[in-house]
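The chain contents come next:
Number of protein chains: 2
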Amino acid sequence: MVDHFGFDVNLTFKQRYLIADQYWKNDNGAVLFYTGNEGDITWFCKNTGFMWDVAEELKAMLVFAEHRYYGESLPFGNLSFSDSKHLNYLTSEQALADFAVLIEYLKKTIPGAKNSPVIAIGGSYGGMLAAWFRMKYPHIVIGALAASAPIWQFTDLVSCGKFFEIVTNDFKKSGSECSETIQSSWKAIDRLTSTGEGLQWISEVFHLCNPLRSQTDAIMLKSWLAETWVNLAMVDYPYSSDFLMPLPAWPIKEVCKYLKDPSASDKILVQNIFQAVNIYYNYSGEASCLNTSQTATSNLGIQGWNYQACTEMVMPICTTGISDMFEPQAWDFAAYSDQCFQEWGVRPRPSWIPTVFGGKNISSHSNIIFSNGALDPWYAGGVNENITDTLVSIVIPDGAHHLDLRARNADDPESVLLARTMEVDYMKKWITQFQGHR
Amino acid sequence: MVDHFGFDVNLTFKQRYLIADQYWKNDNGAVLFYTGNEGDITWFCKNTGFMWDVAEELKAMLVFAEHRYYGESLPFGNLSFSDSKHLNYLTSEQALADFAVLIEYLKKTIPGAKNSPVIAIGGSYGGMLAAWFRMKYPHIVIGALAASAPIWQFTDLVSCGKFFEIVTNDFKKSGSECSETIQSSWKAIDRLTSTGEGLQWISEVFHLCNPLRSQTDAIMLKSWLAETWVNLAMVDYPYSSDFLMPLPAWPIKEVCKYLKDPSASDKILVQNIFQAVNIYYNYSGEASCLNTSQTATSNLGIQGWNYQACTEMVMPICTTGISDMFEPQAWDFAAYSDQCFQEWGVRPRPSWIPTVFGGKNISSHSNIIFSNGALDPWYAGGVNENITDTLVSIVIPDGAHHLDLRARNADDPESVLLARTMEVDYMKKWITQFQGHR
Numbered sequence: 001m002v003d004h005f006g007f008d009v010n011l012t013f014k015q016r017y018l019i020a021d022q023y024w025k026n027d028n029g030a031v032l033f034y035t036g037n038e039g040d041i042t043w044f045c046k047n048t049g050f051m052w053d054v055a056e057e058l059k060a061m062l063v064f065a066e067h068r069y070y071g072e073s074l075p076f077g078n079l080s081f082s083d084s085k086h087l088n089y090l091t092s093e094q095a096l097a098d099f100a101v102l103i104e105y106l107k108k109t110i111p112g113a114k115n116s117p118v119i120a121i122g123g124s125y126g127g128m129l130a131a132w133f134r135m136k137y138p139h140i141v142i143g144a145l146a147a148s149a150p151i152w153q154f155t156d157l158v159s160c161g162k163f164f165e166i167v168t169n170d171f172k173k174s175g176s177e178c179s180e181t182i183q184s185s186w187k188a189i190d191r192l193t194s195t196g197e198g199l200q201w202i203s204e205v206f207h208l209c210n211p212l213r214s215q216t217d218a219i220m221l222k223s224w225l226a227e228t229w230v231n232l233a234m235v236d237y238p239y240s241s242d243f244l245m246p247l248p249a250w251p252i253k254e255v256c257k258y259l260k261d262p263s264a265s266d267k268i269l270v271q272n273i274f275q276a277v278n279i280y281y282n283y284s285g286e287a288s289c290l291n292t293s294q295t296a297t298s299n300l301g302i303q304g305w306n307y308q309a310c311t312e313m314v315m316p317i318c319t320t321g322i323s324d325m326f327e328p329q330a331w332d333f334a335a336y337s338d339q340c341f342q343e344w345g346v347r348p349r350p351s352w353i354p355t356v357f358g359g360k361n362i363s364s365h366s367n368i369i370f371s372n373g374a375l376d377p378w379y380a381g382g383v384n385e386n387i388t389d390t391l392v393s394i395v396i397p398d399g400a401h402h403l404d405l406r407a408r409n410a411d412d413p414e415s416v417l418l419a420r421t422m423e424v425d426y427m428k429k430w431i432t433q434f435q436g437h438r
Numbered sequence: 001m002v003d004h005f006g007f008d009v010n011l012t013f014k015q016r017y018l019i020a021d022q023y024w025k026n027d028n029g030a031v032l033f034y035t036g037n038e039g040d041i042t043w044f045c046k047n048t049g050f051m052w053d054v055a056e057e058l059k060a061m062l063v064f065a066e067h068r069y070y071g072e073s074l075p076f077g078n079l080s081f082s083d084s085k086h087l088n089y090l091t092s093e094q095a096l097a098d099f100a101v102l103i104e105y106l107k108k109t110i111p112g113a114k115n116s117p118v119i120a121i122g123g124s125y126g127g128m129l130a131a132w133f134r135m136k137y138p139h140i141v142i143g144a145l146a147a148s149a150p151i152w153q154f155t156d157l158v159s160c161g162k163f164f165e166i167v168t169n170d171f172k173k174s175g176s177e178c179s180e181t182i183q184s185s186w187k188a189i190d191r192l193t194s195t196g197e198g199l200q201w202i203s204e205v206f207h208l209c210n211p212l213r214s215q216t217d218a219i220m221l222k223s224w225l226a227e228t229w230v231n232l233a234m235v236d237y238p239y240s241s242d243f244l245m246p247l248p249a250w251p252i253k254e255v256c257k258y259l260k261d262p263s264a265s266d267k268i269l270v271q272n273i274f275q276a277v278n279i280y281y282n283y284s285g286e287a288s289c290l291n292t293s294q295t296a297t298s299n300l301g302i303q304g305w306n307y308q309a310c311t312e313m314v315m316p317i318c319t320t321g322i323s324d325m326f327e328p329q330a331w332d333f334a335a336y337s338d339q340c341f342q343e344w345g346v347r348p349r350p351s352w353i354p355t356v357f358g359g360k361n362i363s364s365h366s367n368i369i370f371s372n373g374a375l376d377p378w379y380a381g382g383v384n385e386n387i388t389d390t391l392v393s394i395v396i397p398d399g400a401h402h403l404d405l406r407a408r409n410a411d412d413p414e415s416v417l418l419a420r421t422m423e424v425d426y427m428k429k430w431i432t433q434f435q436g437h438r
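So the protein sequences, as listed, match chains A and B. Using our numbering, the letters of the first sequence correspond one by one to residues 1 to 438. Using our numbering, the letters of the second sequence correspond one by one to residues 1 to 438.
Think of the hints as simulated: they come from the structure by calculation, not from any bench. Possibly wrong hints are sitting among the right ones.
When chains are identical, the list treats them as one kind, so a pair holds in a single copy or across two.
Said to hold, decoys possible - Straight line, CA to CA, 27 Å or less: simulated DSS-like cross-link-like pairs of lysine-lysine: (1) Lys14 <-> Lys85; (2) Lys46 <-> Lys107; (3) Lys173 <-> Lys59; (4) Lys172 <-> Lys25; (5) Lys360 <-> Lys108; (6) Lys260 <-> Lys360.
Looking at chain A on its own, in the form it has when it is part of the complex:
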């Protein structure tokens, strides 16, 4: 159903899902159900090697369900993003209901699946969905692995400054003077972009596809840089990888090799910044110019996510310029709301997610693993302490954004191996409990 929560619009749509049953034993095997997030499900499938790695051990069927309004699961085809009317069914509650209905359908139609225990797995927003799915549909999933799920990055549940502090620390740890150099760069850019000549010079240095033409463009450049540093923090993986972008192992270390001199002249400093971001945007060496409107893989659905961020998924984030290496920026909800209204014709409801999913008061739920990498900025909004015996936290000190969900790798740090072992142990325990109750 396009609308699970109303009956006036009685339309259905095609939801894409991927399924792998080669490891599944239908006598007591589980179903690992990936609660798809804001992107093409085939891409999440490829980047969630953990599920493939544990499938045999858990005799598990794998299902990857695409989130409505992403990939090929567009409720209104090309019109899905045309206006707020067509976007009205893009919410986390509708997505969870899709998952519930899909699982009931699979259980009914796949011979032998009727009594299979189902475990929800997801990362990032998909991790939030996995956790919320267990909270709201415990009759459908026996447990959830919520990897790097910032379920507390809402209203004032956590401090809004923590996110960028983590980014800053990642750079601080990855090279001497690295965060200081970035911190110096903002003013350097300001000075250089104060003239038309400087705007042109910087555009050339950065090989920008669209040269800077104004002060506004210069502000855009800085926010593009800030987003680049954030993304690097998210994907600071211990081996070369291709998640948001193709990158070397420990990419921040590579980046920091160019960021050693915070007191260089403005031009040298900015040239060094270019060398640094060029690792992120052009590690393959194939980019002929850098496009500031794209900061990550196009497998992510930016449009859809922007709409969600303007409705339910309001995550306050701020900088101080003191405890972090960024320009200070307070969280300004009124401005944020106005911008959302301008862009989408809707107003965000920042307190709805805590109201519907419980905020910090979730102890009556059970069987959820919250895993977080300490290098990941989204760690800030995550659950990083055990809440009860069955609502547990696993912190991976050397992990970036849901490293635990990635495929096994020879360069995996010990901490992620341990995390994955614990995760599998919990899942086995849930499965055993479930089978004991039947």
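Fit chain B to the given chain A structure using the hints.
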């Protein structure tokens, strides 16, 4: 919000609620929150004396929240029922979200209420809402008393025939030959209404405000009678009361005094049936004629409930004519759905309620009391065995529809006194637990 689950319609509406704080102690007193069902909240407030009776003992604040689309809580005023577009927000999920938002608002605005434990209480559909509220919003209510809540009267979770078997048993127990007389009456009515003269005669005997004119009208008469017997079973209370109608104590016994001869002639039999239903419709003696389109108090919102029954609240009910005293009628979903489409322009989704609220698979929840009276036809769809230590059932053998929620009465049977004591004990336990965790 009119629509908690979408952002395109950004409207709000005024929800009515009643509040009584004279017994409330804001140091450790609870809030008893009545999850309003399909009617005027002042009427539920008056008919839920239990909450008033226990308020002092629990040092409790009482809140009675009106359900959207009932009483004065009309999202679109007079237009609320004008079409399926305006009715689109009449669902149990929206109602639960209203309750959640209201409680958060009360906790924020009433001095001293911030940390008060809240317990949901409801009867009938309101009892379902109380149970579902605890299931979906355990962070907002610490427990729920779901009185006479037929949460399993959906799809094939229980046998569709049980409901009318209970009605039949109530009549069987209340007078010799009583159910047999009703059973005989259907054919007698058929025979009499086969002629125009007979239709007129019956109309006069029943003092019908609108005389019968056709065979279709005769069918309506029979379904009106069937509904009357059902309603009597629901309100078969041990003392004179005025819930659906003003009635004497144990009204079925009174009714059965006229129903002792199943083999009387058709005309005598029908005259006796009239005497019987006249107790239900005209105990006060004030009715000048009987109106077959009204079978209970106008405090119930028939329109709204019909719409809900045509969307989410699809409760299969059937008769066999063998295990019950009614004419046999199978559950015909296709016909039901067509009728709904004709009336409201919507199609029911019968499996949605079990999908979203768990059907029989609810054991991972906690702190819900399911109380049911064994005389109540809705007992059929209720939870009548303990599911876990904290999902408990209380059966009241001598109770009709949520007798336990009614005010204390000198003629209360022992079983309802015991039920209420247990209910209060459970609530105290939840409150103590809650305060221990803070």
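Status of each hint after checking the structure:
1. Both within a single protomer and between protomers do Lys14 and Lys85 lie at most 27 Å apart by alpha-carbon distance, with minima of 19 Å and 24 Å respectively.
2. In this homomeric assembly, Lys46 and Lys107 come within 27 Å of each other (Cα to Cα) only inside a single copy, at 24 Å, whereas the closest approach across copies is 46 Å.
3. Proximity of Lys173 and Lys59 under a CA criterion of 27 Å is satisfied in neither setting, with 41 Å inside one chain copy and 56 Å between copies.
4. Proximity of Lys172 to Lys25 under the C-alpha cut-off of 27 Å is found in neither arrangement, the shortest distances being 48 Å within a copy and 53 Å between copies.
5. Taking identical chains as interchangeable, the C-alpha atoms of Lys360 and Lys108 lie at most 27 Å apart only when they sit on different chains, with a minimum of 16 Å there against 35 Å within one chain.
6. For the homomeric pair Lys260 and Lys360, neither the shortest alpha-carbon distance inside one copy (41 Å) nor that between copies (63 Å) is at most 27 Å.
The earlier numbered hints that this structure contradicts are 3, 4, 6.
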